[in-house]
Each structure stands twice: as C-alpha cells, then as structure tokens.
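Undergrad: Chain H is fixed; fit chain G onto it per the hints.
2 protein chains.
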Amino acid sequence: MGTICVPDELSGFSGQMEGVLAALLPSQRGPEEKLYEAMSYAVLGGGKYLRPYIVETSASMFGVPAAQRRRVGAAVEMIHAYSLVHDDLPALDDDDLRRGKPSCHKAFDEATAILAGDALHSLAFETLAEPDTHPDTGVRADLAATLAAAIGPRGMVGGQMIDLESEHVAVGADVATRLARLKTGALFSFSATAGAILGQAHREAREALQTFGSELGLAFQIVDDLLDVEGDEAALGKKVHKDMTAGKATFISILGIEGARREVRRIADSALANLEMFGERGRALRAIAEYVLKRDR
Amino acid sequence: MGTICVPDELSGFSGQMEGVLAALLPSQRGPEEKLYEAMSYAVLGGGKYLRPYIVETSASMFGVPAAQRRRVGAAVEMIHAYSLVHDDLPALDDDDLRRGKPSCHKAFDEATAILAGDALHSLAFETLAEPDTHPDTGVRADLAATLAAAIGPRGMVGGQMIDLESEHVAVGADVATRLARLKTGALFSFSATAGAILGQAHREAREALQTFGSELGLAFQIVDDLLDVEGDEAALGKKVHKDMTAGKATFISILGIEGARREVRRIADSALANLEMFGERGRALRAIAEYVLKRDR
Numbered sequence: 037m038g039t040i041c042v043p044d045e046l047s048g049f050s051g052q053m054e055g056v057l058a059a060l061l062p063s064q065r066g067p068e069e070k071l072y073e074a075m076s077y078a079v080l081g082g083g084k085y086l087r088p089y090i091v092e093t094s095a096s097m098f099g100v101p102a103a104q105r106r107r108v109g110a111a112v113e114m115i116h117a118y119s120l121v122h123d124d125l126p127a128l129d130d131d132d133l134r135r136g137k138p139s140c141h142k143a144f145d146e147a148t149a150i151l152a153g154d155a156l157h158s159l160a161f162e163t164l165a166e167p168d169t170h171p172d173t174g175v176r177a178d179l180a181a182t183l184a185a186a187i188g189p190r191g192m193v194g195g196q197m198i199d200l201e202s203e204h205v206a207v208g209a210d211v212a213t214r215l216a217r218l219k220t221g222a223l224f225s226f227s228a229t230a231g232a233i234l235g236q237a238h239r240e241a242r243e244a245l246q247t248f249g250s251e252l253g254l255a256f257q258i259v260d261d262l263l264d265v266e267g268d269e270a271a272l273g274k275k276v277h278k279d280m281t282a283g284k285a286t287f288i289s290i291l292g293i294e295g296a297r298r299e300v301r302r303i304a305d306s307a308l309a310n311l312e313m314f315g316e317r318g319r320a321l322r323a324i325a326e327y328v329l330k331r332d333r
Numbered sequence: 037m038g039t040i041c042v043p044d045e046l047s048g049f050s051g052q053m054e055g056v057l058a059a060l061l062p063s064q065r066g067p068e069e070k071l072y073e074a075m076s077y078a079v080l081g082g083g084k085y086l087r088p089y090i091v092e093t094s095a096s097m098f099g100v101p102a103a104q105r106r107r108v109g110a111a112v113e114m115i116h117a118y119s120l121v122h123d124d125l126p127a128l129d130d131d132d133l134r135r136g137k138p139s140c141h142k143a144f145d146e147a148t149a150i151l152a153g154d155a156l157h158s159l160a161f162e163t164l165a166e167p168d169t170h171p172d173t174g175v176r177a178d179l180a181a182t183l184a185a186a187i188g189p190r191g192m193v194g195g196q197m198i199d200l201e202s203e204h205v206a207v208g209a210d211v212a213t214r215l216a217r218l219k220t221g222a223l224f225s226f227s228a229t230a231g232a233i234l235g236q237a238h239r240e241a242r243e244a245l246q247t248f249g250s251e252l253g254l255a256f257q258i259v260d261d262l263l264d265v266e267g268d269e270a271a272l273g274k275k276v277h278k279d280m281t282a283g284k285a286t287f288i289s290i291l292g293i294e295g296a297r298r299e300v301r302r303i304a305d306s307a308l309a310n311l312e313m314f315g316e317r318g319r320a321l322r323a324i325a326e327y328v329l330k331r332d333r
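Sequences listed follow chains H and G, in order. If you count the first sequence from 1, position 226 lands on 262 in our numbering, and the numbers rise without skipping. If you count the second sequence from 1, position 113 lands on 149 in our numbering, and the numbers rise without skipping.
Okay, chain H solo, but in the shape it has when bound (with noise of 0.2 Å):
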C-alpha cells in the first residue's frame, strides 16, 4: 500500500472542485451580475480546497456517491470564501491580499465584498437543502442544521468576534483555544462530520469525526500562527507578520514557537486518535492530518 501524497491528491481534486463550484454559482448576465462576478471571484482560483477534500475523504469511507460528497465540498467552500471575503474587510482585518490577488473588496468595492459573503452563505444552504444533495430529506435537514450550528453564532461568526476583542488584550492559551476551535476547528468538524451524516454511520463513527475534524482545525491554526511568523509571503499568497502587527494574542505568544510546535504535534495525535475505529480506512484522513502538520501555504 503506496503513501498518499495529499498535495498532489489536492491538485487534482481541486480542478473537479472549481468544475462542480462553477455550475453551482449564478452567472446569468443582468443588472446584478456584478455580484456574480464577486462570488465567483471569491471561491474560485486559488484556494486549497482543504475543507471539501476533507468532505470527500470521510465521505469516501462510506461509499458516498461522488455527486452527493462534491455539492457538500462545494457547500462548505462556498462557505470558507464568504468568511474570507468578510474578514478581509477595512472593518476586520483589512487585508489587501487574499490567495496572492487583490482581496474581494479591493478587486471590486466594499459594497460589492459584503453583499458576495452574504449571497454565497445563502447558496451554500439552497445547494445542502436541495434534492440533489441526497435522496434522504433527513440527511438535507441534518447538513442544514449542522453546518448553521457549526458557522453561527456559537461557531464561526462567534470565534470571529473573539478574534476581534482579543486585539491588544492579553489573552490566555484557553481563549486563544475557544478563539481556534470555533473558528476555524467548527468548520473543519462540520467537513469531517458531513461524510458521516451523508453516510448515515452510526452516532460512534459521527462523533468520532466530529472530534477529529474539530482537533484538526484547531491543529491547522496553531500551524497558521506558525507560518505567520515564519512562513513566506509569495508561497502563502496572503500578508506575514499580520498578527503581531494587529497586537493579536497567537499561540505563538503565548506558547512561544517551539511551544506551539510542541502543541500542534500533541493535538495532531489527539486527533488522529479519533480515527483508530476506522482502521485501514481511514488511511486518507490521517494523510491529511499529518499533510495539516507539514504544510507551508
């Protein structure tokens, strides 16, 4: 049995991604296609697709078709670029570079980005809620309520805010941990448990993944603080330094750079705990982890 090799495993996935994204945005010519323009702008070209590939993997484990795992990838990205487009704004973080071109606010207007986010997480429901996702009406009705708990108030949105009022305040690992998993590990959970759901495994495997998906997000941004003190600026495609500059509160200052190696590589192991009841199926997804450990964009 060969290694898998995610990059390489992402880059082809992400082609069949923007195809599947693609068709699923509006593009219709008209008095708003500004709009179209800006959606398409924010969530195609450029991104990993780490969160759909995330999708499709658990989703793989059980036997899940294609078309149903993609929309839900497609979902949960279309996702991911409206959290991006609204946190780039003057307002939040002000950030002019997203994925090494000009952010969605710069590349149109600020109007133009806000009214983008919003209609990209309406879509990202229409296209969980719609027959095409699955036969099963429960199965859309759980994706629905799930993705909403996991990017509302008391996920995403709610670790956005913390975010914000952790600016020249200083904070302690705990809420920098409550910062990390709501958001940036809710969605993560949400893209492991979604196989799950789609799947309909048994409540042991849901949870598992949801712990699993949940560490993992947390992993990913220790590793993001990491890469904003040492990573390079033309490999990420975004600023460096941004969060010293912002007086955030990182791990990296609060567990210094060899401490926060240190967590990532004990809340990897815890994740990847979580997949031992898969055994050789959950092969792909321990790739991704230790492929969340290494990476340098």
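Any given hint could turn out to be false.
Identical chains share a label here; the pair holds if one copy fits it or two copies do between them.
[What the hints assert, rightly or not] Think about it this way: if two alpha-carbon atoms lie no more than 16 Å apart in a straight line, the pair counts; the simulated EDC-like pairs of lysine to aspartate or glutamate are:
hint : residue 1 : residue 2
1    : LYS70     : GLU201
2    : LYS70     : GLU203
3    : LYS330    : ASP44
Read the hints as simulated data drawn from the structure, not as lab findings.
TA: Chain G only, in chain H's frame:
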C-alpha cells in the same frame, strides 16, 4: 364577522414574537458576548414583525401549531434584521438611524455589525432545520431550500446589488420592478409560502401564496418609496428623502406620486386575486394587503 385591525393584531403579536426570538438568540456570557448583544439589538425592539405575521397568518389557514409557525416567523425576522444591518453599513446605504434608534454599526461598530448580520443569517437556517420546527424532515429541508433561494444571489441579495448599481443611473420601471421583487418581494413571498410548506398544503395553494407574497412585497416597496417622499421621519424611525439624495431610481422618480399610487392599487388587486381560492379562510391575509396599502410607517 368584524373587520380585522392589523395594527392591533401586530401589536399583540409582536410581543409574542419578541419572546420567541429572545429564547432563540444566544445569551451566554463570554468573550463573544458583544456579538450576542449586537444580534439582540438588531432583531428585538422596534420592528413591525410584519413578515412573521404573514407566516403566522398563512400557516394558521392550514392549522399549523403556534410553536412551529413562530419558529419560522423568528427565522424570517432574523433574515430581515440581518439584511437591514448590512444595508445600513457605511459602504452600502450608510444609514445612522433605524427604527428610531442608532443603527447597529453606530450603536456598536462596523465589524460587530457585519458579524452580527452574519450570525443572524446562520441562526435563521439553524432555527428552520432543527426538529422543533416540524416533525417531518421533508418540511424542514423544503423550508431551508426555499428560504435560501429567496434570499440568495437570485433573490434578496441580488436585489440589493441592483439597488446599489442603480444609483445615479437612469433605470426604467422594468429594472425598478425587478429590484423590488428581489429585494423585498422574495422574503415576503417566502413568508406567505412558508405557511403552505408547514401545512403540507397542495401545490396550487402553495403557488397562489407564493405569488400573493411576491406581489404584496412589490406593493410594500412602492409604498416605502412613497413614504420616503411623503412620510414622517419620527413615525418611520428612519431618515426620509434619502432615496432622492442618493440619486436612487424609485417608483416615484419613474411614475410620479399619482402614478405610483395607482400602481400600488393595481398590484394589491393582483395580489388579492391569488387569495380567492381560500374563500373566507383568506380573510386575515386580505387584511394584511389592505394594511400594507395604508401604512404610514
């Protein structure tokens, strides 16, 4: 049979809706509590609750239990509040006053207002898709898919984009009508349709309510334009004459005051024609249409 006085009905109903909304909104203390405060500020206190009242009235025709129809009403009001919060931002309509109070970004700040809107948007879908909304998963999936389509790029947000694009540009009645159908009509249409979805009504009833809601929303928007010219700032709780100042094409600038009044009456009659199939059961929805024509706030 006495007449139905909608303002009196709305005033009693809004107290009940505030209780339902308050129970659904997050309220825990913690580092993200400012987000929760901004969400409550945006959604509670001061709204007419007209859209939830349409859900209430439509669902009552089909014997839908109060707890179910009010959860859907709450979801609709969350969406309406989110759209107002984002619309009032400096990059969009730049409104400092809403419902007689400082708008959300003035009472808090822009970043918090953007996130509060996003959080209300997600919470609406969470509310619809959870089991408490209806025991049948097909109803919940249908509600989520139908709402998402109504408020996404091909619905409400598409209308907001046309609104922005039509500033300082001469547009005709066709574009103004499309703008109003998307920006206002789509959520009104969902509100009326939601009763039929919750009540698992036959397709003809659903389609009639969908058209009724869409026409009602269009009439509502033209009355809004009339109030912007003729209304009282104190009664409206928001600035007047702002469309003209912003160089927006409204029904008034296209049709004139008398022409707009005739158009409202024509559209309201067309809306009412869709209620004929419901006979006496449609009485309360008919009263809403008459109220929309006569409202002064």
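Undergrad: Are the hints correct? Go through all of them and say.
TA: We went through each hint and held it up to the structure:
no., hint, result
1, LYS70 to GLU201, "between (33 Å within a copy, 9 Å between copies)"
2, LYS70 to GLU203, "between (34 Å within a copy, 14 Å between copies)"
3, LYS330 to ASP44, "within (14 Å within a copy, 64 Å between copies)"
The structure is consistent with each of the numbered hints, conforming to all of them.
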